[in-house]
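All chains should be built: construct the whole structure from the sequences, respecting the hints.
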Amino acid sequence: MVGTTLQTRLIILMVVSSIFLISAFTAIQLNNQLQRAAELNLYRAKLGSLITKDKIQNLFQGTGAVQAPLAIQSGTEEIFSSLLESNIIEKATLLDRNGSPLTSVGNPESALANDKTILERITQVKDKARWLFPFVDKKKKRITLFINVDNPYGYVVKLVFSLGNLQDALNEVYVPVMFTITIVVIGNVILAMLLSKALISPVKLLNQATKDIAAGDLDKKISIETKDELEELAGTFNYMTVELKKMKAKAENANPLTKLPGNIVIQEHVEERIKNNDKFVLIYCDLDNFKAFNDKYGVHAGDDAIMLTATIFKEAMEKKGKPGDFIGHEGGDDFLLLTVPERSEPIGGYVAEEFDKRVKKLYSKEDLDRGYIEGKSRETGEAVKFPIMTISLAGVTNLEKKIDSYSQLTNIAAELKKIAKKAKTGHSKLLIDRRVIDLGAEGRQQK
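For the sequence shown, the numbering used here begins at 1 and goes up steadily by one.
I should point out that these hints are in silico values taken from the structure, not numbers from a laboratory.
Note that the coordinates shown come from a computational prediction; the quantities given were computed from them, not determined experimentally.
Take these hints with a grain of salt, some might be off.
To be verified - Here are the in silico distance ranges between beta carbons for each label pair: (1) Leu257 with Asp219: 29 to 39 Å; (2) Thr236 with Lys422: 50 to 60 Å; (3) Asn276 with Glu232: 25 to 35 Å.
The C-beta atom is built at its ideal place from N, Cα and C for all residues, glycine as well.
Printed below as a string of structure tokens:
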């Protein structure tokens, strides 16, 4: 199943982040507007209560005579209407001492459940300086002011102000929020285009190149010039293709039985050491009497002998060699190992001794008891007794003489192998240049 593309995920991420940022911006703006509205309404409440108190007080006092109730109600309504039109008050009601409304403007809130109780407390206050009694309802975001006006009827003025109007706040932030949304949307479109060019396009290029390489195009190269990690990734990618090509060449050149590198890779390793003037020993291996063994026991048994030799060589390199040592398999029973001069004898000794011990498992008990197998000479066809297989190792080194080429090295090795195979020790042996070292169970003898 095909998942969402990187570009789609980037757009979704940008949209979600934009919504979050716009929401946060709107919330901050709304909160600021509500606070300003609350401060303004508090100011209006203070101003409205002072003006209302003065006007109503003057109405009751008139020119010094007490006004009639109807005249008071009518005059109060005029005062309320005037203040409402001037936007000084929002809602106003004239209450009698029982809390019943006599006149009101601005669609005032319904009477509080405890208006009558509040009025009783207000009328009992003897201090003339206390004339304003505020009650804040945080839940409904409003303030109710009761104004105790000095009058013979016990009338009280009730003013109601909102502390913060959400709709007004929304109206205030609508324009900046819409402007912000527009800017953010345009910015996201531009950012998406830049990201697509700077990030997604190189990723698509790398993806296509990966498919081409998987299809076998190991000469594929990509060029990304971004001066950042993407360009570095492209360089690593190109380096990977070079290494893959080398690995493919090695795999194609590797021996199908042992999977060890073949002639081409062997030559590359040797020539690299010659070029770097490194001191080395190249140990060649040849199995003595292998053809006779293969003729009698069959190809499968011959493959077992080859695999045994490869296994022992690998063990020798791991246990006795040094990092950087190399094993190759030219084919048949011809192996070689590249190491440093000081590790050549320990490695050769391990290979020879282990081969002599393990090769016996490949023979029948009858042949082991005799110490040989019977066969025919390939040259004359005559019956011949072939001893149990041994291994001849010939080491060529540039420790005391200069070696200039791989071909020179192989020529010397061919001569040394002939000498090593002619040494009839009855055991596996190692010859480095012209020193033959018997590594059999009877001990080492230099010849």
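Hints and how they fare:
1. Leu257 with Asp219: 29 to 39 Å: 30 Å, holds
2. Thr236 with Lys422: 50 to 60 Å: 53 Å, holds
3. Asn276 with Glu232: 25 to 35 Å: At 29 Å between Cβs, range holds.
Hint check: no violations occur; every hint is consistent with the structure.
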